[in-house]
Structures are given as structure tokens and as C-alpha cells.
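Colleague: Next come the chains, spelled out residue by residue.
Number of protein chains: 2
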Amino acid sequence: MSKPTALSGFPELLPAQRAVEQQVLDTLREVFELHGFAGIETRAVEPLDVLLRKGDTAKEVYLLRRLHETAEEGHAGFGLHFDLTVPFARYVLEHAGHLEFPFRRYQLQKVWRGERPQDGRFREFTQADIDVVGRDVLPAHHDVEVTRVMVDALRRLDFLPGFTLQVNNRKLVVGAYAALGLTEPAVVDEVMRLVDKLDKLPAAEVRTQLVAAGLDDATAGTVLDLAGIVTPDDTVAARVADLLGADAVAGSPLLAEGLDELSSLLRGVADLVDDRTRVVADLSIARGLDYYTGTVFETRLDGFESLGSICSGGRYDALATDGRTTYPGVGISFGVSRVVVPLVTRTGLAADRSVPSAVLVALTDEDSRPASDAVAAALRARRIPCEVAASAQRFGKQIRYAERRGIPYVWFPAPPAGTTGTTGSGAHQVKDIRSGDQVDADPASWTPPTEDLRPRVQAKEQQ
Amino acid sequence: MSKPTALSGFPELLPAQRAVEQQVLDTLREVFELHGFAGIETRAVEPLDVLLRKGDTAKEVYLLRRLHETAEEGHAGFGLHFDLTVPFARYVLEHAGHLEFPFRRYQLQKVWRGERPQDGRFREFTQADIDVVGRDVLPAHHDVEVTRVMVDALRRLDFLPGFTLQVNNRKLVVGAYAALGLTEPAVVDEVMRLVDKLDKLPAAEVRTQLVAAGLDDATAGTVLDLAGIVTPDDTVAARVADLLGADAVAGSPLLAEGLDELSSLLRGVADLVDDRTRVVADLSIARGLDYYTGTVFETRLDGFESLGSICSGGRYDALATDGRTTYPGVGISFGVSRVVVPLVTRTGLAADRSVPSAVLVALTDEDSRPASDAVAAALRARRIPCEVAASAQRFGKQIRYAERRGIPYVWFPAPPAGTTGTTGSGAHQVKDIRSGDQVDADPASWTPPTEDLRPRVQAKEQQ
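Protein sequence lines, in the order shown, are assigned to chains A and B.
Position 282, counted from 1, in the first sequence is what numbering that gives the first Met the number 0 calls 281; the numbers after and before it change by one each time, with no gaps.
Position 302, counted from 1, in the second sequence is what numbering that gives the first Met the number 0 calls 301; the numbers after and before it change by one each time, with no gaps.
Don't take every hint at face value.
[To be verified] Computed cross-link-like contacts, EDC-like style, restricted to lysine to aspartate or glutamate with a CA-CA straight-line distance of at most 20 Å: (1) A:Lys109 to A:Glu11; (2) B:Lys396 to B:Asp436; (3) A:Lys109 to B:Asp25; (4) A:Lys109 to A:Asp82; (5) A:Lys2 to B:Glu40; (6) B:Lys2 to A:Asp321; (7) B:Lys2 to A:Asp316; (8) A:Lys109 to B:Asp82; (9) B:Lys396 to B:Glu450.
[As the list claims (entries may be wrong)] Covered, in the sense of this in silico footprint (three residues per stretch, anywhere, with C-beta under 8 Å from a C-beta of chain B), are these stretches of chain A: (10) 4-18; (11) 89-102; (12) 348-359.
The set of hints was computed from the structure by calculation and includes no laboratory data.
We put the beta carbon where it would ideally sit given N, CA and C, even for glycine.
Given these sequences and hints, build the entire structure.
Modeller: Here's what the structure looks like:
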């Protein structure tokens with residue numbers, strides 16, 4: 000085989016980079032489970048009719064066929080899932096009889112999209128999704144719950160830059176548009192689609208397009224003023240009332256309900272806000288996906304704004320229904336690869352070692368491998384990851400072997416009784432190769448500091 | 000959407016079943032990391048020329064294409080990987096300049112095979128692979144190492160039935176065949192292929208086929224006698240010498256080397272053997288894959304023999320080479336889905352709860368949700384998974400809500416000062432709903448027994 004080359008859009012990580020991704024996944028999972036979310040996995044494959052219901056991503060689907068497909072199975076119509084929401088809705092319908100509702104689940108899985116690889120876009124990437132799904136009804140406090148859980152998880156990733164979670168509510172937007180006389184569904188959808196361009200186009204350009212779509216200039220201006228409301232606290236209701244008039248709010252139960260849900264959400268997460276963690280009402284957030292019916296989320300990462308939203312979701316009241324029963328849900332999805340891959344490739348973020356081993360057990364000579372194995376076994380029995388040197392090189396070379404991998408400690412086994420050990424001592428010794436300190440140690444009791452047990456990931460600024 | 004149905008060959012687990020699989024994966028990962036194996040993931044997709052080099056699985060490959068593929072990218076020739084060994088060999092070649100050798104890695108990932116779904120065969124399944132790869136050379140003690148690591152991991156899965164790891168060595172087999180006058184590579188391959196059928200066909204039938212392949216009857220008999228050697232200790236060398244004659248062994252360095260490696264391996268893992276864990280030399284094990292060059296492994300699970308080998312691998316001296324440098328390796332692959340799916344579907348193995356929550360915090364009324372949330376936050380701060388009741392039903396209904404999910408504890412928050420609580424006490428109380436015991440408790444200090452912190456999986460016999 001000649002040297003293989005990377006496939007564009009299919010990122011692969013080196014071991015010390017994968018350790019960063021693994022710590023992200025471990026932290027997410029721990030927080031999700033502390034909040035009672037059960038982990039599931041869905042198959043990678045869905046029937047095309049399930050995948051293509053969400054029309055705007057049809058172009059991105061990867062189709063599957065067997066190399067030697069038989070006539071009867073040909074064109075069976077299966078593809079790889081492009082998100083975890085559509086398969087989860089299918090899972091809920093398929094297994095509803097065996098699930099307890101409200102059903103909280105998380106999913107940490109790869110998804111595939113056949114789109115053109117470009118900045119921050121991958122063809123294969125890992126997502127972390129949490130959703131709560133009810134049967135028939137799902138109270139609004141679950142919108143607050145999923146927000147809190149995801150913010151709690153992201154806050155604990157202390158090597159992440161700061162971030163801003165932007166929240167809006169579709170009831171608020173649809174209610175406000177109705178108050179402006181915009182009620183035709185096709186017009187409402189088109190206005191939302193144009194407002195969603197505000198992060199890419201100047202406001203004046205969007206305004207021109209709104210007028211071209213049939214809005215009079217004053218209404219287009221109000222639509223943009225509404226989208227311009229961004230506030231970190233629950234003054235959002237007052238600002239909307241200022242813009243549209245208190246009568247408009249009082250006269251629209253949908254607008255009032257949206258405002259109430261949005262204000263409740265901001266109050267419900269206020270205690271999680273800090274310098275790195277911001278939550279704002281941002282009335283320009285519309286989300287492209289038409290299944291959202293209430294709360295919608297996007298998230299921007301400081302210094303990585305070009306990535307777009309790294310964590311998105313919302314409330315969907317009718318994504319999963321079998322005709323008789325409807326399963327309303329609310330969820331949020333964090334783009335693990337979308338964040339981790341740029342962090343490791345652009346900023347050089349990596350674990351401080353490329354192996355799990357905290358200790359390299361040195362090898363005096365090949366005949367004494369059992370003695371070194373015994374030291375390793377004693378350390379592992381107390382959950383200290385370690386490895387035995389691959390060959391009995393000079394100890395200086397074995398120390399460099401550890402250095403190249405970032406292993407912090409080298410263990411020198413006690414010389415056999417009656418011999419003079421290379422370490423100059425009759426006891427086992429362990430060297431911290433960062434400080435050079437070398438001390439006598441007992442394999443049955445020596446323990447490294449907790450922070451040395453696992454590879455460490457630190458933000459580049461702190462290193 | 001009408002009710003979706005399962006896809007044959009793509010197993011999906013319910014939450015309490017997925018908890019079993021998750022515990023298997025967690026245990027494997029912990030053991031692999033204690034032994035210094037670094038976790039990596041490779042992309043799901045490989046170029047077809049990489050996938051099809053291993054000819055005998057060509058029929059099983061799933062090809063990928065984009066739904067709206069453009070002319071220039073059409074027939075680019077990518078497929079889903081069908082194992083983790085081929086992608087790992089490609090990863091080593093691609094990233095060799097950034098890796099330290101010997102390189103120990105584990106991979107816990109899904110693979111796909113488009114074969115006809117049948118008993119124990121899936122089209123999508125999870126594998127757990129460990130390999131050690133060297134640059135140019137890799138001493139034989141690494142064969143012992145990967146065996147020990149995998150046996151250590153499987154032993155710790157105490158809900159698994161007992162198992163037998165069967166070990167053979169291709170050098171031994173090829174050397175022995177040469178001593179019998181069988182040296183033509185095509186003949187050796189054909190004899191190995193026929194011997195590999197011994198677990199499916201009667202020996203007499205295999206003998207007939209050996210003779211049909213050109214062996215004289217005596218040689219066919221000796222080939223079968225050799226394959227019949229099964230021994231749990233290092234008497235294997237003596238038994239081969241008895242069969243072929245000491246001169247044959249002395250006259251074949253390859254045979255002697257194979258015998259020495261096999262005996263060393265059996266001695267090297269002898270201390271891990273117990274009632275549930277057996278390791279035997281079994282000279283009928285040949286493995287279908289032609290890249291193995293020394294040690295080969297298969298594993299049978301007690302009571303699940305129809306699954307075939309659940310854990311297989313071996314030594315490959317030339318799987319990865321770029322023409323200038325060769326990377327010899329030894330590895331072993333455990334079929335996680337192949338074992339977990341039959342255990343949960345046939346024996347009903349499942350975790351004792353369907354959610355991670357150890358505690359359901361009850362809700363007195365919707366207005367007191369913040370008080371229940373505060374209890375939950377205090378428990379989570381001490382890493383106790385919990386959830387707050389979804390609605391303020393009667394406490395009896397909330398207890399049944401916990402029971403249906405298998406949550407062992409229900410927490411009754413203290414009534415607000417000045418009121419008489421439903422619990423009849425002014426303090427917080429926690430009830431173990433299995434025993435009915437209810438005691439006063441402080442959210443800042445109450446801790447359940449360690450075994451209640453996580454969902455538990457027990458072998459059915461023990462339940």
C-alpha cells in the first residue's frame with residue numbers, strides 16, 4: 000500500500016487529540032446521566048422515506064447499497080442518518096410501548112452528510128443530543144430543563160472558549176408577525192427565512208428582500224427591529240411591548256405565551272450565567288427547520304463565530320406521531336466534532352500525553368520482564384494505568400521513551416535480592432521525569448496525584 | 000408516520016438493554032486504558048481498494064453514494080468499513096510520522112457488513128479491538144500481552160457466561176505441514192481451509208475432502224490428528240513431537256518457533272485461568288483470513304456455541320506496509336454486539352433500571368418545583384444521578400412512577416416552614432421503595448450505597 004491520504008470531510012484525530020474528544024464525550028455523558036437522561040443508540044441506517052421527510056437536507060443524504068446486491072433487494076432505499084433527531088423520533092414511535100414517558104434520552108453518535116466539505120463542515124461528525132419527549136403533552140418546564148442540562152455540561156468543559164446561548168420562541172415570532180398583519184403561512188415562512196439571513200447579510204439587504212417579498216417598508220422595518228432585540232434578562236417582554244404596543248401583546252394569546260415561555264426560560268437559567276457562559280434572548284434566531292414550534296436555540300463560541308451555531312435545538316410539538324398518539328419533545332444538539340476538530344487543529348489543543356499510562360515500568364533486562372509485569376499488575380489493581388517498557392534499553396533511553404509519550408513517571412523495579420541495582424538502592428524507585436525527583440516506592444501503596452492519573456487537557460492560554 | 004418496524008440485521012436496544020452494552024464498553028475501555036492502550040477512532044468510510052484487498056469479504060461491503068452525486072464525484076468508490084483491522088492498518092500508515100511505536104491502541108466502533116442477517120450475524124455491530132503495532136519488529140511478548148489484556152477484560156464482565164479462548168500458531172501449522180511434505184502454498188491454504196471446517200463438518204467428511212484435494216490417506220489422517228490436539232497447558236510441544244517425531248520438530252525451525260510461541264503464550268496467561276476462564280491450545284484453529292502469520296485466536300462462549308467465535312485475532316507481520324517500512328502487529332477483536340444482543344434478547348439480561356437516576360425527587364405542587372430542583376442540584380453536586388418528578392401527582396403515583404423505571408429512592412422535600420408536610424415530618428425524607436424504609440435525610444450529605452449509584456447488571460442465574 001502506498002501512503003494513504005486523508006479524505007476531505009472525514010476528520011481523524013491522533014491519540015492525544017482523540018483524548019480531548021473523549022473528555023468532552025465523558026463530561027457530556029456524566030452530566031446527562033446526573034440529570035437522569037438514559038443513553039441509547041439508534042442504528043446508522045434509516046429508510047429513505049424517513050430521511051427525506053425533512054426536505055431541505057435531502058441533497059445531503061448518503062445512500063447505501065451492497066456491492067453485490069441481489070435483484071430483489073436492489074433500491075431498497077436506505078441511507079445514513081444525517082442527524083440524531085429524525086432517528087430518535089422514529090425510535091420513539093417504534094418502541095413507544097416499551098418506554099416510560101416523559102422519556103429523557105441522550106445520544107452520542109456519528110452522523111453523515113454528503114455536503115461539500117468546507118470550513119467547519121464535515122461529512123462525518125459526532126453529535127451529542129439530549130431530548131425529553133412526552134406522550135400527548137410535555138410541560139414547558141422541560142424547555143428550561145434541557146437548556147440547564149446542556150449549559151451545565153458546556154460550562155464544565157473548561158478548555159472551551161466562552162459561549163453565548165441564543166434563545167428565541169416561534170410562538171412569539173408568529174404571534175408578533177400576526178400582530179403586524181402577516182398571517183399567511185407561506186409569507187410567515189418566507190419572512191423567517193429572510194430574517195435567518197441576518198447573520199450573513201447586512202440588515203439593509205435583508206430589508207430590501209423583505210420588501211421584495213411583499214412587505215410594506217414600515218412592516219419590514221418593524222420585523223427587523225423585532226429581530227434586533229437581544230437581551231440577557233427577562234426584559235424581553237417589555238421591549239416587545241414597546242415595539243408592538245401593549246395592545247398587540249394583550250390581543251395575541253400566542254405572542255403572550257411565547258413571551259412568557261421565553262422569559263421563564265431566561266429566569267430559569269439565570270443562575271448558570273457567568274463570564275464564560277451567556278444566555279440571551281435573541282429574536283433574530285429562527286432555525287431553518289420547520290418542525291420547531293416554540294423555544295429555539297443556537298449557540299456561538301467566542302473566537303469561533305465562523306463555525307456558526309455549535310449547539311442548536313428547540314421544541315417540536317409534532318415531530319413524532321403515529322396518527323393516534325403524538326409525542327411532543329424538546330431537545331438540543333451539541334456539535335462535538337464541529338467544536339473539537341477546530342480546537343485541536345487550529346489551536347493545537349491536545350492532552351498532555353498520547354497514552355493513558357501514568358507510569359512506565361522500566362525493564363532491567365528481558366529476563367526480569369516478569370518482575371516488571373508484577374509491578375504493573377500491582378499498580379493496575381489500584382487503577383493506575385501503566386505500561387512496561389517494550390525492550391530493555393539503557394534506562395536513559397527508557398526515560399526518553401516515556402518523555403516522548405508524555406508519561407509522567409518511570410518506575411525502576413527493585414533489583415533482585417543479592418544484586419546491586421542500577422538505581423543505587425535496594426528498593427523500588429519511582430522518578431517524576433518532569434521534576435527529576437526520584438524516591439523509594441512500594442507498588443502496593445504508591446499513588447500519583449489524582450491529576451496525573453488521566454491525560455490532562457488544558458486551554459492553550461493556561462498552558 | 001405509521002408505526003415503523005425493525006430493520007433485520009440492525010439491532011436496536013431499549014434503555015435498560017443499552018445499559019448492559021454500555022457497561023461492557025466501559026469495562027473494556029477501563030481495562031484497555033489500565034494497560035496503556037490509547038483510544039482512537041477511524042472514519043467509517045474507506046476507499047474501495049482498501050476494503051477489497053481482503054478478497055473474501057468483498058461481497059459484504061456497503062457502498063456509499065450521495066443522493067445527488069455530481070458527475071465528477073460519481074463512482075468515487077467509498078464504502079463502510081467491515082472491520083476495524085483494515086482501517087487501523089491504513090491509519091498507522093497514514094499517521095506513522097506522528098505515532099510512537101510500539102503503538103498500543105483500542106477502538107470501540109461500529110462496523111457494517113451487507114451479509115444476509117441470520118443467527119448472530121448483524122449488518123451493523125459494535126466491535127472492541129486492541130492491537131499493538133511495532134515499526135519493523137514486534138517481539139513475541141506482545142502476543143502474550145494482548146491475550147492477557149483481553150482475557151482480563153472479559154473476566155471482569157461477570158454477567159458473561161464462561162468462555163474458552165482457543166489459541167493456535169500458523170508457524171506451527173505451516174511447519175508441521177512442511178514436515179508432512181505439504182509445502183506448495185496453494186495446497187497449504189486449501190488444507191487449512193478444509194481443517195477450518197472441522198467445527199461444522201464431521202472429521203470423516205473433512206478427511207474425504209482432504210484426500211480429494213490430493214493428500215494421501217495417511218497424511219490426511221495426520222493432518223486431522225494434528226488438528227485434534229487440544230490441551231490447556233504447554234504439553235502441546237510434547238504432543239506434536241509424539242505425532243510427527245522429534246526429528247521433524249528439530250528439523251523445522253518454523254515448527255519449533257511456532258511451538259515455542261504457543262507454549263510461551265499458554266504459560267504467560269496461566270494465572271488468569273479459572274472456572275469461567277479457559278485458555279487452550281487448539282490446533283484446529285486456522286482463521287479464514289490470510290494475513291495472520293503466527294498466533295491466532297478464537298473464543299467460544301459457554302451455552303452460545305452457535306454464535307461461533309466471539310473474540311478472534313492474531314499476529315500479522317505484514318498487514319501494514321508502505322513498501323519501505325513494515326509495521327508488524329498483533330491484535331484481538333471482541334464482538335460486542337454479537338455477545339450483548341443475544342444475551343439481552345434470549346436471556347432477558349437488562350439493567351435493574353431504565354434510567355440513570357438513583358433518586359426521584361418528588362414534587363409537592365408545581366409552585367414548589369424550585370425547592371425540588373434545589374434538592375436535585377445538591378444531590379448532583381455529589382454525583383448522585385437524580386430527576387425531579389414530571390408533575391405533582393399524588394405521592395403514591397410518584398412512587399409508582401419511580402417503580403416503573405426501577406429508580407430505587409424517592410425523596411420527599413421538607414415542607415416549607417410553618418406548614419405541615421405530607422410526609423408528617425418537618426425534615427426532608429427519603430424512601431427506599433424496595434424495602435419501604437423511610438428516613439430523615441439531608442440533601443447535602445445523604446448518600447446511597449455505592450451499588451445503587453449506577454444501574455446494575457446481573458447474570459440471570461444470580462437474579
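Colleague: Hint by hint, say whether it matches the structure.
Modeller: How the hints compare with the structure:
For the hint pairing Lys109 of chain A with Glu11 of chain A, the CA-to-CA distance comes to about 13 Å; that is within 20 Å, so the pair holds. For the given pair, Lys396 of chain B sits about 18 Å from Asp436 of chain B by alpha-carbon distance, which is consistent with the 20 Å threshold. For a cut-off of 20 Å, the pair hint linking Lys109 of chain A to Asp25 of chain B stands: about 19 Å separates their Cα positions. For the given pair, Lys109 of chain A sits about 8 Å from Asp82 of chain A by alpha-carbon distance, which is consistent with the 20 Å threshold.
Proposed proximity of Lys2 of chain A and Glu40 of chain B is supported: the alpha carbons are some 19 Å apart, at most 20 Å. The hinted pair formed by Lys2 of chain B and Asp321 of chain A meets the criterion: a straight-line CA distance of about 6 Å does not exceed 20 Å. For the hint linking Lys2 of chain B to Asp316 of chain A, the alpha-carbon distance of about 18 Å falls within 20 Å, and the restraint holds. The suggested pairing of Lys109 of chain A with Asp82 of chain B holds, with an alpha-carbon distance near 17 Å, which does not exceed 20 Å.
The hinted pair formed by Lys396 of chain B and Glu450 of chain B fails the criterion: a straight-line CA distance of about 26 Å is larger than 20 Å. For the segment 4-18 of chain A, the stated coverage by chain B is satisfied: 11 residues place a CB nearer than 8 Å to a CB of that chain, which reaches the threshold of 3. Using a Cβ-Cβ cut-off of 8 Å, 9 residues of the segment 89-102 of chain A lie near chain B, which meets the minimum of three, so the contact claim holds. Given as covered by chain B, the segment 348-359 of chain A passes the check, having 4 residues with a CB less than 8 Å from a CB of that chain where 3 are the minimum.
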